[in-house]
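Student: Sequence:
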Amino acid sequence: MAKVTNLNRFRKARARTDKVRQAEENRAKFGRTKADKTTAATRKTRASSHLDGHKLDKDNE
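Under our numbering, read the sequence shown as residues 1124 to 1184, first letter to last.
Hints listed in this document are in silico derivations from the structure and should not be mistaken for laboratory results. Please note: incorrect hints may appear among the correct ones.
Using 27 Å as the maximum straight-line C-alpha spacing, the simulated DSS-like pairs for lysine-lysine come out as follows [stated by the list, open to error]:
id, residue 1, residue 2
1, Lys1152, Lys1135
2, Lys1167, Lys1178
3, Lys1167, Lys1142
4, Lys1142, Lys1157
5, Lys1142, Lys1152
6, Lys1181, Lys1160
7, Lys1167, Lys1157
8, Lys1167, Lys1181
What follows is a set of in silico ranges between Cβ atoms, one per label pair, in the way DEER data are often shown [claimed, not checked]:
id, residue 1, residue 2, range
9, Asp1141, His1177, 41 to 51 Å
10, Leu1130, Lys1157, 21 to 31 Å
11, Ser1171, Thr1128, 54 to 64 Å
Given the structure is predicted, the values throughout are model-derived calculations rather than measurements. Each residue gets a CB set at the ideal place from its N, CA and C atoms; glycine is no exception.
Take the sequences, apply the hints, and build the full model.
Tutor: And the structure:
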């Protein structure tokens, strides 16, 4: 005879693991300090301006 299983137990366990996964994603997305955010923004703008400064103009060829 087969063992009787309670589906609510499995649903609740899946819900718990989904909450943990969502919490990890939110920590990665929103968990940075203001200093980290400004540093990243500064690096991004510097890299962008550096690349723009090294572009070749096609009009001068």
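Student: None of the hints should be skipped; say for each whether it holds.
Tutor: Against the structure, the hints come out as follows:
1. Lys1152 with Lys1135: holds, 26 Å
2. Lys1167 with Lys1178: holds, 17 Å
3. Lys1167 with Lys1142: violated, 32 Å
4. Lys1142 with Lys1157: With a Cα-Cα distance of about 26 Å, the restraint between lysine 1142 and lysine 1157 holds, given a limit of 27 Å.
5. Lys1142 with Lys1152: holds, 15 Å
6. Lys1181 with Lys1160: Since the Cα atoms of lysine 1181 and lysine 1160 sit roughly 36 Å apart, the hinted pair is violated (cutoff 27 Å).
7. Lys1167 with Lys1157: holds, 15 Å
8. Lys1167 with Lys1181: The given pair, whose Cα atoms are some 25 Å apart, holds under the 27 Å limit.
9. Asp1141 with His1177: 41 to 51 Å: holds, 46 Å
10. Leu1130 with Lys1157: 21 to 31 Å: violated, 45 Å
11. Ser1171 with Thr1128: 54 to 64 Å: 56 Å Cβ-Cβ, so the 54 to 64 Å window holds.
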